[in-house]
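**Student:** Assemble chain B onto chain A, guided by the hints.
Spelled out from the first residue to the last, the chains are:
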Amino acid sequence: MEILGVPILNAVTYFPLIGFLIILLIPKKKETLIKIVANVTAFIGFLISLPLIINWYKPEVIKGMKDGMRYVIDVPWIRTIGARYQFGIDGISLLLVLLTTLLGFIAILSSWSAIKTRVKEYYIYMLLLQTGMLGVFMATDLFLFYVFWEVMLVPMYFLIGVWGGPRKLYAAIKFFLYTLAGSVLMLLAILALYFKYISIFGWDHRTFSLFKFLHAGLDPQFQFWAFLAFFVGFAIKVPMFPFHTWLPDAHVEAPTAGSVILAGVLLKMGTYGFVRFSLPLFPDAMIKFTPLLMTLCVIGIIYGALVAMMQTDMKKLVAYSSVSHLGMTMLGVFALTQIGLQGGVVQMINHGISTGALFLIVGIVYERRHTRLIKEYGGLSHSMPVYATIFLIMTLSSIGLPGLNGFIGEFMILQGTFARTDLRVYAILAASGVILGAAYMLWLYQRVMFGKLDKEENKKMKDLNLREVFTFVPLIIMAVWIGIYPSFWLKYLKNPVKRITDIYQKKLAENKINVGHKYKVDYKGMKKIINNKMSEE
Amino acid sequence: MAEYLWLIPTLPFIGFLINGLGGLIYKKVSKKTLNRYFVSIVACGLVFISLLLSTVAFVQLANMPNEHKYIEQKCFNWVTAGDVTTTGYYDKVPSKTTQFKIEWNYFFDPLSAVMALVVCGVGFLIHVFAIGYMWDDTGFYRFFSYLNLFMFAMLTLVLGNNFIMMFLGWEGVGFCSYALIGYYFHKKSASDAGKKAFIVNRVGDYGFSVGVFLLFMTFGTFNFKELGEIIGKLPAETHFGILSAVGLLLFIGATGKSAQIPLYVWLPDAMEGPTPVSALIHAATMVTAGVYMITRASFLYTRSYLSLEIVGFFGVMTALYAAIMGFFQRDIKKVLAYSTISQLGYMFTALGVAAFSAGIMHLMTHAFFKALLFLGAGSIIVAMHHEQDMQNMGNLRKYMPITFWTMMAAYLAICGIPPFSGFFSKDEILWQAFARGHKLFYVIGLIAAIFTAFYMTRLMILTFFGKERIDPHKKEHLKESPAVMTIPLIILGILATIGGFLGLPAWLGENRFEKWLEPVFEHNYNNPVFKMGHYTHSFEMMMAGVSVLAALLGFFVAYYLYGKKGIVPDDEKNWGRLWKVIYNKFYMDELYDALFVNRAKDLGNAFSAFDQAVIDGGVNGTAATTRGTAKVSSWFDKYVVDGLVNLQAWIVQTSSGILRKIQTGVIHNYALAVLLGIVILSCLYIFR
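Chains as they are written, first to last, in this note's numbering: chain A, 1 to 537; chain B, 1 to 688.
Here chain B stands alone, though its shape is the one from the complex:
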């Protein structure tokens, strides 16, 4: 029925092979790099076809009745191995013996559809933007091949129909992220950041894989649909049980990939990568994988009150914590990085209160406005010749009007000003948290919203307003970016502005977004804890007003501090120690280094020494003992055993030396001896 589904991820993979492998061979053979137009057409063209195919699948899905919104394509059996006996789930699901099988299958349901469209759509725009951004780079073909590989992995992640396919994409995007963060590999900071990202993600993946092991050993399948059907019949766990354990383990994976406390540390460093990479991977798509995964496994999470609560708690804490860290950063990309972590925190808050569609909605609008903010930053960075420090910007709106206006749309969206997209999605999350009885989450979320408006306003003022603080050399070439970069900005600007209308809050009309996703959540258990309270529309409207007020509060504080005077105040002097702690990210990197990295190294050194001293010491000791024994025995041989032998010889020799003297060879001597003998014998005989 949908035999083209496999093409959606595979086409970018072909692009990877053409540009990557082809580019390498071409460079080897002809000593030239692949033609840039060719590379761009292949890379963007194939992603565009994937986008079209996703749209076709989306239309096909939309025309299906709600109960059957599900397209699957079987490709082949990835792994088929021996039998496994599952443990079963307490007395609810019996133990069974089943073949260990992992399928390489793709599927398309409303949730995959949203993800695929966002990934392909935003991905395509960023690909186009990157043509302009990377044009002068010598590794042009290498960059695009990795970007395409990323698209393959990300699409596999969202279209794979089981946990292992998801894991393939999950690790795949992790690798692409590693490769692209370290794209400027001659810089140590870049390759360090890439390595850090990979290893921190591995910590998360460790949890993820143990969770998957446990899940499989309990239910005997990796397949989402089958798991949904089995777990869908189970009641919720009120105490810590298998489902809670699985939920928490999977969440560890999500904290790694989606940069939540405590594994967020890699994302700020990841800004070492080229800006389109930050936009695509570290803002719009890859980092949302954790949100997607938990939503995909919502049938499981809704059955564990505990794990949902923890997801929500970590989410909202991250939202607040990361927003604070965004306060005083000077690097424009760093601010955006913390903002991304914070916004992801909002999404996890939504998941934590079981408002999955609100989380996905925010994922989508965030993809629009955050990609736009990053691309806008990229546009500035290119125009400013790789200047990222906001202290050296100011009044850029004069030079870069398109960048300014599109970023303005994104700015309003992230602050939550109606009718921009972020308002609808963020407000929905806060409202759901409130209405489902998580007042604490609501309050923290609201404070984080104030902070968001604060640091974003600061960012806008420092870059686009106020006095020009631009290096005169750079100013000469300062101009708006070319069309290949501004057109994606404009399209994203439109999306960031109107994207929110897909999911209107109840007091404005029908939430079409939620309705679209409904079939995905058919197995969800409506945990009574998360039941919506009964509130009137006017009350809900009032709460939306509160959110807007919060944003305005943040705006005014930032305006008061940074906007009014027209000059940049010295944060360091004004805030003292507070500045220092926040600017240094609460010294978390140092803490992790001290706790884990350095201790692992110490342990490695200690073990290395142990190897040499103790184990090899034992071995060499044995050898030495053997040699010593050999020496002793050779001494014994030489002096005792041989000594005895030689003693005999000596005795014989000596005695024969004496006796030899008798043998003179002279006859009369012998005759004398004979005579002497006769005399003695005769005497003996006579005198006896």
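So that you can see chain A by itself, here it is in the shape it has in the complex:
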């Protein structure tokens, strides 16, 4: 598949850079023109990602599949070290790529009136960020992956550090160093993999390709350490408890669009990293770590929810809710069952949609009132009915009301975790997060939207304008679509997920871990079953 002679994955990834170059040439003063160029670029960027899904089942695309990846680009890059320029996507990446292009566009659209200083630089960073993120979801060469992983860090750092709130520098540096600490360990692990592979197959076969590593047959001891190093890198990004404290600060200080991208896409890089690399590469270590990981997820779910409940800052509340939701997502991923993993990936998308929307929602009142403190609001339903409706829909989506997207993800995750008899207790504990989720979100909604409109400043607040409504429309459509007809999206996940769980099916059986074949509970009472006495009569 090509667009104007450019392989489609390249086109999707690098298209934002065209806008970036054009904006570079525009004089600083022409802010409107810059905004228009950025918005158009992001919109076209979204449009050209659509052929990915439209052509997904075309015969020539299926024929071009390699290692389960479609639209593959594979050319030598740095020959001396064996790094290749290797792009390719499967169903999991496909959904995340589409989420990225959509949210990227929405984030840029939402910044129209929010950003007033250094407009040119702002849009330049936004577009650069877009390319970095897309590259992460497409790279299948670990060296290339690492490059993109680090590339997107820089624009995000500036977005927080320049356009952020009062404590922006603290937050930006915290974000940067936290992530960097993780990625350094990840780099070490990548190098370890690289040299391990060379030690097995020789220098001539030096490579960073994921698919080569998959067949290297790594010994459990090596897997243990490599998994741990990758874990720190990804867990910080997710973020999983106890690596989460950069998130509230980064979210609170970041500009609205930054928060949207941060929550919607950047966090997904961590979860995606687990699914794409840790799970297939280190199955033995993964099985060994499962109880620990599950515990961390459950703590994250309940802890995040409880902390969210007591926040006084709207953005911080949503940020902590992310910790809770991502705990849920990771629970599904680490359950290593088909349903759990599918649910986990769906929940990544859901979280991008509903939390992204919630940050936009907070951003809208922030832009009008310049405060995020919950107690400054109240009774907004009176003056902003459209806003109230959209806020309500997204609240419901976030707390998992059936018929909207959140339910599908949560239900599949919990069912998928419950499917493993040894993990049932985690599923039961995790499900309690659903109660707390309703508590903090509804309480937030009540305090902001309900009650009397008693503050003078709030009375003057304008309802959403057309542009603002338009930023929410795609998100609402997606929330309903995934809620009512998730089968459409789930079918793209079926094969890639199966490829991963198939590895585990065997491993788990070898480790005598029950995936549901036999019920182990010894039940003596069954012997005393009384037979149907009525039939005797």
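Rather than coming from a laboratory, the hints here were simulated on the basis of the structure. Backbone N, C-alpha and C define an ideal beta-carbon position, used for all residues, glycine too. Accuracy of the hints is not assured; some may be wrong.
[Stated by the list, open to error] Output of the computed footprint for chain A on chain B, the stretches with three or more beta carbons under 8 Å from beta carbons of chain A:
# : region
1 : 19 to 29
2 : 70 to 81
3 : 200 to 213
4 : 595 to 603
5 : 615 to 622
[What the hints assert, rightly or not] With a cut-off of at most 27 Å between alpha-carbon atoms, the simulated DSS-like pairs for lysine-lysine come out as follows:
#  : chain 1 : residue 1 : chain 2 : residue 2
6  : B       : LYS31     : A       : LYS455
7  : A       : LYS462    : B       : LYS31
8  : A       : LYS116    : A       : LYS460
9  : B       : LYS531    : B       : LYS225
10 : A       : LYS455    : B       : LYS188
11 : B       : LYS188    : A       : LYS459
12 : A       : LYS196    : A       : LYS506
13 : B       : LYS32     : A       : LYS460
14 : A       : LYS460    : B       : LYS28
15 : A       : LYS452    : B       : LYS601
16 : A       : LYS498    : A       : LYS66
17 : B       : LYS96     : A       : LYS506
18 : A       : LYS375    : B       : LYS601
**Tutor:** Quick look at chain B alone, frame taken from chain A:
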């Protein structure tokens, strides 16, 4: 065959979209609210069509032979995902690998038929009543859109053919209840009550969903029919097993939705909502969802003696407990709310003794008379300009005859006076409990019946009889409600009066209601524990007499206390501490706050502090350590490393400073030095 089935829930949903979304856009564009006539016609009209379609389906069902009373309509596959391996049920049902699939399908069987007709029928009447009740409200369109959304969710709940569809409706009605309780959202008490309802229900739903997980992982399907066929072949569990676990977990869900002990606390607060909402959602339909669910899963419950026993026990205890709480309430709606909880308790008692059709029968008659009581209360409240305190009423029968007479019918029905509907259904429950050997349930139920008659008589006396205690300002406008409100009252009054004849007790004739529901219970296991004893018709008749006597006893006590003197006695003074405890609902809300709500908040604060102090402390500590190390090393750099470098420089500098002095640039100085050197060298040479 029945391709219209999906329309029954979907039509109200379309109404929701037209009134809700349309109303919002219209308001935005034209700055006006949607025309009230338009809203009413859309909302009521679509519900009426649903009612007609349900009737058509009912007729179609009635014409089918008993073995095939089942209509299904497949819509689409809601969720299709990967494979799951079930555990199987001990050695009775083998483990299997199956695709995880949730269907969006509707079905219609005798039980769904009863529920759909009750929901649509009573729902339609309440919609019509609400036109009158809400006419002056600015959020008219918003109210009706939520009401229609509720109808959609409730009908999905009763027509969905699997547990997840049921759950969709289950949570959907919960949300509508939240939105409608908090309808007057400017009032903090209203939005608090809505939130409480949702969260308490979520606690129940937690149990429900874990139960469904377990059920699916054991049998590999969510579908009622398939589950019925699989579980239908199993023997009953005598000890705690999977089915008991599922039964109890599902029952937790039922206690939430149907306001049973211990999760009943939200329902009294829910009376903050507009009265038609209380009638529709918190009396007639939504709160009965738990009863419907357990009846639907009767194939499962009959196989677990333990869970049935627990259902019955909680039911009968709730019936008694809630009736006691109804004693001294002053708010007319609060009395009715406790009465609803109590009556739901009766229904669960029926389920607990495996008398499912008696439970559903009571559900139906209760829907009639309780909806009527609430609407009557609503009629009074509107006439009294939103006065709900019964202390300020009295002698209203003079002003509102239609409301009075229809409420009288409902009053007689709930007290169980023959031939009103409640007599047949409640007596049937008590009788079944007795005949199936649950004498304790019977006795408690009978006491609760006395209490019911007591608080209901008190309510009637305080509102319709005795001295007028009405605020003179309000009295001027006091008149009977308009026809749009009284006609639904009259229709419900008729139903509350004659509805009981659908299910006559054995000593009077054939129980057609039970016969109609029979196909639903084909998979039920007749647990020997619940076998009916052999009693004669005359004995059964005598027991019915006992029930009537119980009602009369309650009536006379209430009449003695409240009716005779014509004035309202001061309950607080007469009953002292007892009054205080009962009036404050045994301090259950305070207890729950102390045990759960505040502890959760404390925990949240503690974790928040932990986050800042420990985790971020660690992070910032690392940063501080790094900075400290950097300071030390920069000091080291500055003074030690650089010190050494500078020392060298200093030495060079100093020494060169000294040496520099030698270099004067004057030739004879140098010549002198050379001479001096020669002298010294010569001396050395000579004196060696």
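**Student:** Against each hint, give a clear statement of whether it holds in the structure.
**Tutor:** Okay, the hints, checked on the actual structure:
1. Only when three residues or more bring their CB closer than 8 Å to a CB of chain A does the claim for the region 19 to 29 of chain B stand; here the count is 3, and the claim holds.
2. Three residues within the 8 Å Cβ limit are the bar, and the region 70 to 81 of chain B against chain A gives 6, so the coverage statement holds.
3. Here's how the region 200 to 213 of chain B fares: 7 of its residues keep a CB closer than 8 Å to some CB of chain A, so the rule of at least three is met and the hint holds.
4. For the region 595 to 603 of chain B, the stated coverage by chain A holds: 3 residues have a C-beta nearer than 8 Å to a C-beta of that chain, and at least 3 were required.
5. By the rule of at least three residues with a Cβ nearer than 8 Å to a Cβ of chain A, the coverage given for the region 615 to 622 of chain B holds, with 3 such residues.
6. Simply put, LYS31 (chain B) and LYS455 (chain A) have alpha-carbon atoms about 23 Å apart, close enough for the 27 Å limit, and the pair holds.
7. Only pairs whose Cα atoms come within 27 Å are accepted, and LYS462 (chain A) paired with LYS31 (chain B) is accepted, the gap being roughly 14 Å.
8. The straight-line distance between the Cα atoms of LYS116 (chain A) and LYS460 (chain A) is roughly 22 Å, inside the 27 Å bound, and the hint therefore holds.
9. Distance hint between LYS531 (chain B) and LYS225 (chain B) is fulfilled; the C-alpha atoms sit about 25 Å from each other, no more than 27 Å.
10. Simply put, LYS455 (chain A) and LYS188 (chain B) have alpha-carbon atoms about 16 Å apart, close enough for the 27 Å limit, and the pair holds.
11. Taking the CA atoms of LYS188 (chain B) and LYS459 (chain A), the gap is about 18 Å. The hint holds against a cut of 27 Å.
12. Taking the CA atoms of LYS196 (chain A) and LYS506 (chain A), the gap is near 24 Å; set against the 27 Å cutoff, the hint holds.
13. Distance restraint check for LYS32 (chain B) and LYS460 (chain A): the Cα-Cα separation of roughly 19 Å lies within the 27 Å cut-off, and the hinted pair is therefore satisfied.
14. As the CA atoms of LYS460 (chain A) and LYS28 (chain B) are separated by approximately 16 Å, the hinted pair is consistent with the 27 Å bound.
15. For the given pair, LYS452 (chain A) sits about 25 Å from LYS601 (chain B) by alpha-carbon distance, which is consistent with the 27 Å threshold.
16. Pair hint LYS498 (chain A) plus LYS66 (chain A) holds up; C-alpha atoms about 16 Å apart against a cutoff of 27 Å.
17. Between the alpha carbons of LYS96 (chain B) and LYS506 (chain A) the distance comes to roughly 17 Å, so the proposed pair stays at or under 27 Å and holds.
18. Under the criterion of a C-alpha separation no larger than 27 Å, the hint pairing LYS375 (chain A) with LYS601 (chain B) is consistent with the structure, at around 17 Å.
When held up to the earlier numbered hints, the structure conflicts with none and fits them all.
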